[in-house]
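**Student:** Take a look at the letters that make up each chain.
2 protein chains.
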Amino acid sequence: MTPNALDRLVTLFSKLPGIGKKSAGRIVYHILDSSPALAASLSKELSSLHQAIIRCSVCGGFTETNPCSVCSDSNRDHSIICVVEQAQDMRIIEEAREFPGVYHVLGGLIAPLEGVSPANLTIDKLIDRLRTGTPKGSVKELILALNPTVEGDTTALYLQKILKSYPVEITRLASGMPVGGNIEYIDKLTLSRSFRGRVKF
Amino acid sequence: MTPNALDRLVTLFSKLPGIGKKSAGRIVYHILDSSPALAASLSKELSSLHQAIIRCSVCGGFTETNPCSVCSDSNRDHSIICVVEQAQDMRIIEEAREFPGVYHVLGGLIAPLEGVSPANLTIDKLIDRLRTGTPKGSVKELILALNPTVEGDTTALYLQKILKSYPVEITRLASGMPVGGNIEYIDKLTLSRSFRGRVKF
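Those sequence lines, one after another, are chains A and B. Sequential numbering of the first sequence, starting at 5, is according to our numbering. Sequential numbering of the second sequence, starting at 5, is according to our numbering.
Everything labelled a hint here was simulated from the structure, so no lab data went into it. Wrong hints could be hidden among the right ones.
Identical chains blur together in the list; that is why a pair holds if it fits in one copy or across any two.
[Claimed, not checked] Listed next, the in silico SDA-like pairs over lysine to any residue satisfying Cα-Cα at most 25 Å (straight line):
1) K19 with D37
2) K48 with L117
3) K144 with P122
4) K25 with A44
5) K192 with S51
6) K48 with S18
Make a model of the complete structure from these sequences and hints.
**Tutor:** Here it is in structure tokens:
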């Protein structure tokens, strides 16, 4: 009763992040129930995705043009580089419309247990950017926008140590209570960071 | 910084059930980070899905052959028809390996507020199946495996009424406490159904 083409697609969908076998089933049946146009557009976009999207040779983010629209935008502040773990973090920060500078995608975080060492990240490239500077003048600040996890902390400490000799200010995103959070339910570590990172009114 | 091809795919994925805009972004970046083979297989399966999968002319389920493997299986009990709302319910019941009979997909539930009337369902086809019988003899039981919701209850009552004149036993799936459930947290309606549907030890 379960046709093969359907099963194959369910298996493929369940490989995607956040999609279990049940959700994959629901999705495929939804596509079957929908107009064939949905399947056709999904198929078309997927088939050309890897050709259309490349990595920016400057920041390492995903782009259709090289350098990407951020790196080639002269209205942005090229003296501040926001260092992120992965390309999607760049997208999320861009959507917040908070950051006027440019980016650097590390391509991961240092995690010895998972076999990720500093050599696997784009740290050499970051140092190159600090050395050669950018069209708009040399880099003045590096904002480390890494997750407040063990791996993020380790990577931030490593970068701080290795970049000590460069005349660049290194900062990190504030860690503390999320907006709308409740002191009652916040974990102790986050609460402790909120205290240590407290700011003047 | 956000390329168009990427955005288009994120928009398409966020149209699928259970996938919001954030998950869609995660999925597309995952596909970009993965080997192009994943995107290629997804694209290929999606492009042929609507050609490969058709509706069984007997039960209405999705199938690659017509009639489907359940309807054409002479080892199954064709005297019991399990009536389900949609094709995916058939898949879920098949996976439980509990039901030896055949299926009938209604294609929805009666919901006047959403404009779904009995005429929109495959009720005529179900009556045809009761009239003409199946290769293995006439139908003896109809199990209504419809969700215990207002729409499911309405549809079950309607089917019971309209099929009164046919010599077929009509049953419904038991409704009550889920296995592993806790009386403390169960809603009153479910508890009341558990009492009314109580069974002898």
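**Student:** With reference to the structure, classify each hint as holding or not holding.
**Tutor:** Hint check:
1. In this assembly of identical chains, K19 and D37 lie within 25 Å of each other by CA distance both inside one copy and across copies; the values are 22 Å within and 13 Å between.
2. Taking the shortest Cα distances, K48 and L117 never come within 25 Å of each other, neither inside one copy (39 Å) nor across copies (37 Å).
3. Taking CA atoms no more than 25 Å apart as the test, K144 paired with P122 passes inside one copy only; the shortest distance there is 23 Å, against 70 Å between copies.
4. When the C-alpha separation of K25 and A44 is checked against a cutoff of 25 Å, the pair qualifies both within a copy, at 23 Å, and between copies, at 20 Å.
5. For the homomeric pair K192 and S51, neither the shortest alpha-carbon distance inside one copy (47 Å) nor that between copies (51 Å) is at most 25 Å.
6. For a Cα distance limit of 25 Å, the shortest separation of K48 from S18 qualifies both inside one copy, at 20 Å, and across copies, at 16 Å.
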